[in-house]
Amino acid sequence: MIFVNAFLVGGAICVLGQILIDVFKLTPAHVVASFVVLGAVLDSFGIYDQLIQLAGAGATIPITSFGHALLHGAMSEGHEHGYLGIAIGIFKLTSAGITSAILFGFLTALIFKPKG
Amino acid sequence: MLNDPKNYSDNIKPYLPKVPYVRNCLKAFVSGGLICVIGQFLQVFYIHFFHFTKASAGNPTSATLILIASLMTGCGLYDKIARFSGAGSIVPVTGFANSITSAALEHKSEGIVLGVATNLFSLAGSVIVFGVVSAAVLGIIRLFLAQAF
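Protein chains in written order, with my numbering: chain S, -4 to 111; chain P, 159 to 307.
Rather than coming from a laboratory, the hints here were simulated on the basis of the structure.
All C-beta atoms in this analysis are idealised placements derived from N, C-alpha and C, irrespective of residue type, glycine included.
Quick list of the computed label-pair ranges, beta carbon to beta carbon:
| # | chain 1 | residue 1 | chain 2 | residue 2 | range |
| --- | --- | --- | --- | --- | --- |
| 1 | P | Asp237 | S | His74 | 37 to 47 Å |
| 2 | P | Lys171 | S | Leu105 | 44 to 54 Å |
| 3 | S | His74 | P | Lys176 | 46 to 56 Å |
| 4 | P | Phe207 | S | Met(-4) | 17 to 27 Å |
| 5 | S | Tyr78 | P | Phe242 | 42 to 52 Å |
| 6 | P | Ala306 | S | Ile106 | 49 to 59 Å |
| 7 | S | Leu79 | P | Ile270 | 33 to 43 Å |
| 8 | P | Phe208 | S | Thr22 | 33 to 43 Å |
| 9 | P | Phe203 | S | Leu49 | 17 to 27 Å |
| 10 | S | Leu98 | P | Gly234 | 13 to 23 Å |
| 11 | P | Asp237 | S | Leu98 | 14 to 24 Å |
Using the sequences plus the hints, can you model the full thing?
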């Protein structure tokens, strides 16, 4: 059941992005940037956690979960250390994603030759 | 008035290629959904075989997807998928990995330091900037409200 939900919710978020590109003529960079902000805003109202409960990877794989994870990490440290905790905790949950993106991106660029 | 510069954007409308809205959305839905299903499989795999919790399994899942997407970008496979699926391959975290790897590859001829390392975040940087700024602003507001009431 979680697989069906992941497919439906993940697909629906991608359709939203496609509509922003086709109908509102946004560039992919604008779409991705606004989705990150959207994820952070949805986390503020606790909506995104319910979406993850419902759809699993369908909510954690789209880039909206990056904004959600940034705010989540910031708040968990913020409740302990006050305003300074926001800066301490903001990359707490996303550090695996950013580290692997830098590492694998760099290594791939070294190994492969540019095409086209 | 065909040569009226003020109505230029209206005048060129009949000559623009028609966008197949429904077909593009279907493609994005199916391919984006499939990437998320692959992610769900990986997540279940990490929970069962490496004893991650449901909450912590997201980290190795996205790291694995990023590795796969980086390698596919290096082989030129990801571009072929992206041409078909549109936003279906941009919105998932694999699109983030693709933008980093392709920007680095594109500038490889300028050298490892000035080309690859400098341009790694030339496309993906906006995601991190907007994410951090919005999360910090919302975090400050939430902390202020929590302390005030």
